[in-house]
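J.: Here is what each chain is made of, one letter per residue.
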Amino acid sequence: AQSVTQLGSHVSVSEGALVLLRCNYSSSVPPYLFWYVQYPNQGLQLLLKYTSAATLVKGINGFEAEFKKSETSFHLTKPSAHMSDAAEYFCAVSDRLNDMRFGAGTRLTVKP
Amino acid sequence: AAGVIQSPRHLIKEKRETATLKCYPIPRHDTVYWYQQGPGQDPQFLISFYEKMQSDKGSIPDRFSAQQFSDYHSELNMSSLELGDSALYFCASSNSRTGGPYGYTFGSGTRLTVV
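In order, the protein sequences belong to chains A and B.
First residue of the first sequence? That's 230 in this note's numbering, and the numbers climb one at a time after it.
First residue of the second sequence? That's 1069 in this note's numbering, and the numbers climb one at a time after it.
In isolation and in its complexed conformation, chain B is listed as follows (with noise of 0.2 Å):
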């Protein structure tokens, strides 16, 4: 079955360089999180979308931006980039008339290392 799919799996980025994650939804589900999880931590909500708009917003930075496209696909934009953004970033999906109380169904992530 498809899962969600992250790109790129592995990112090293210098100070203060800009990068970008892309996160692919299951087919069908319309609803996208994106989650932080730095060394050692627990998941921390970034932000979410459903059905294109930004439904729901946790501890991102303003440095950091995010949007839903028509595809449902996800992307998360990150600028000014600091050493401690270093960390694994989760993307889910769910949809909205079956997932929320289901759970959601995470990619594999993204390990960003700024350097």
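Pulled out of the complex, with its shape left as it was, chain A reads as follows (with noise of 0.2 Å):
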């Protein structure tokens, strides 16, 4: 089964510093990777997806993320953090059609 864990569930940075959140997965096959944003008292937004084609990844706000084979990870960055960004971001695995897993969630705070 497959499953994500996301390393610290808080994370704190400046505004305008690095933002890196990390997600490692365990999958028996070739998984397809997210990276969701949710917003106090609202829905899950897809940031990006890896489904096996560029290991790159390039998602909305600014982030993005690199799927790498040999360390199982998926950690999602963006270059210099904004205030809008503060959320919960929860890292995805799904190896089928169904059945997506989350990771716990990392809880981003981003200081003035």
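No lab work stands behind these hints: they were computed from the structure.
No experiment lies behind these values; they were computed from the predicted model shown.
Incorrect hints may appear among the rest.
Restricting the straight-line Cα-Cα distance to at most 35 Å, the calculated cross-link-like pairs of lysine-lysine (DSBU-like) are [what the hints assert, rightly or not]:
hint : chain 1 : residue 1 : chain 2 : residue 2
1    : A       : LYS278    : A       : LYS340
2    : B       : LYS1083   : A       : LYS278
3    : B       : LYS1125   : A       : LYS278
4    : B       : LYS1081   : A       : LYS287
5    : A       : LYS298    : A       : LYS278
6    : B       : LYS1083   : B       : LYS1125
7    : B       : LYS1120   : B       : LYS1090
8    : A       : LYS297    : B       : LYS1125
9    : A       : LYS340    : A       : LYS287
10   : B       : LYS1125   : B       : LYS1090
11   : B       : LYS1090   : A       : LYS297
12   : A       : LYS278    : A       : LYS297
13   : A       : LYS298    : A       : LYS287
14   : A       : LYS287    : B       : LYS1125
15   : B       : LYS1083   : B       : LYS1120
16   : A       : LYS298    : A       : LYS340
17   : A       : LYS298    : B       : LYS1125
18   : A       : LYS340    : A       : LYS297
19   : B       : LYS1081   : B       : LYS1125
20   : A       : LYS297    : A       : LYS287
21   : B       : LYS1081   : B       : LYS1120
With the hints as a guide, bring the two chains together.
T.: Right, here's the structure in full:
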């Protein structure tokens, strides 16, 4: 069965600093990997997805993630944090059409 | 563009009552998924339906049941509600031919509070 582990339940960065949210996956078959963002009291919004094409995936709002098979990782980065990036971020994995599994989430705080 | 519609947005029920949550997928999406997100928790997969048939089952309690109708909308029925059922319930939809590997589209969720 597939699973993801997000390292760090809380990450705090200063506005303008690099954002790095870590995600490691476990899957018995080549995975599909996703990052979702959730703002307070809102639904999950897809940031980006890896579907076995390019290993460096660019998403919305300046975020990107790199699939590294050797490290079983799919870390999310953004060069310069903005106050509006403060939210909960979920990494997710799916190895078939159904049954997406989420990580525990990382709450990103952006300090002025 | 049309999104996944969930109703109601908020629901307050007493213990041992029943609740019905509804989900209307994006047009031409044939697969619906239900997730439960407790306070401060990650979304947990409950159940999914493809073409009106249950396609996968996760950590859904026996007190809950769900179905998908001919118009592809889905309902999650919850009986004998417990305080621990208080959570945000998300529905997501996808098109089986294009959606699986490309992520689901989530609704805004129904916040259920059991008192």
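J.: Next step is simple, just say for each hint if it's right about the structure.
T.: Right, here's what the structure says about each hint:
The straight-line distance between the Cα atoms of LYS278 (chain A) and LYS340 (chain A) is roughly 27 Å, inside the 35 Å bound, and the hint therefore holds. Among the hinted pairs, LYS1083 (chain B) with LYS278 (chain A) is inconsistent with the structure: their alpha-carbon atoms are about 40 Å apart, more than 35 Å. The straight-line distance between the Cα atoms of LYS1125 (chain B) and LYS278 (chain A) is roughly 24 Å, inside the 35 Å bound, and the hint therefore holds. With a C-alpha separation of about 42 Å, the suggested pairing of LYS1081 (chain B) with LYS287 (chain A) is violated against the 35 Å cut-off.
In summary, the hint linking LYS298 (chain A) to LYS278 (chain A) is supported, as the alpha carbons are separated by about 15 Å, within the 35 Å threshold. Distance restraint check for LYS1083 (chain B) and LYS1125 (chain B): the Cα-Cα separation of roughly 25 Å lies within the 35 Å cut-off, and the hinted pair is therefore satisfied. Using a Cα cut-off of 35 Å, the hinted pair LYS1120 (chain B) and LYS1090 (chain B) holds, with the two alpha carbons roughly 14 Å apart. For the proposed pair LYS297 (chain A) and LYS1125 (chain B), the alpha carbon gap of about 30 Å is at most 35 Å, so the pair holds.
Proximity of LYS340 (chain A) to LYS287 (chain A) is assessed by CA-CA distance (about 24 Å); at most 35 Å being required, the pair is judged to hold. Taking the CA atoms of LYS1125 (chain B) and LYS1090 (chain B), the gap is about 18 Å. The hint holds against a cut of 35 Å. As the CA atoms of LYS1090 (chain B) and LYS297 (chain A) are separated by approximately 39 Å, the hinted pair breaks the 35 Å bound. Between LYS278 (chain A) and LYS297 (chain A), the direct Cα distance comes to roughly 14 Å. Compliance with the 35 Å bound is thereby established for this hinted pair.
Restraint check: the Cα-Cα separation between LYS298 (chain A) and LYS287 (chain A) comes to about 17 Å, which is no more than 35 Å; the hinted pair holds. Between the alpha carbons of LYS287 (chain A) and LYS1125 (chain B) the distance comes to roughly 32 Å, so the proposed pair stays at or under 35 Å and holds. Using a Cα cut-off of 35 Å, the hinted pair LYS1083 (chain B) and LYS1120 (chain B) holds, with the two alpha carbons roughly 30 Å apart. For the suggested pair LYS298 (chain A) and LYS340 (chain A), the alpha carbons sit about 33 Å apart, so the restraint of at most 35 Å is met.
Only pairs whose Cα atoms come within 35 Å are accepted, and LYS298 (chain A) paired with LYS1125 (chain B) is accepted, the gap being roughly 29 Å. For the hint linking LYS340 (chain A) to LYS297 (chain A), the alpha-carbon distance of about 30 Å falls within 35 Å, and the restraint holds. Proximity of LYS1081 (chain B) to LYS1125 (chain B) is assessed by CA-CA distance (about 25 Å); at most 35 Å being required, the pair is judged to hold. Distance check on the hinted pair: LYS297 (chain A) and LYS287 (chain A) sit about 15 Å apart at the alpha-carbon level, within 35 Å; holds.
Our distance criterion of 35 Å between C-alpha atoms is met by LYS1081 (chain B) and LYS1120 (chain B), whose separation comes to about 28 Å.
Comparing the model with each numbered hint stated earlier shows that hints 2, 4 and 11 do not hold.
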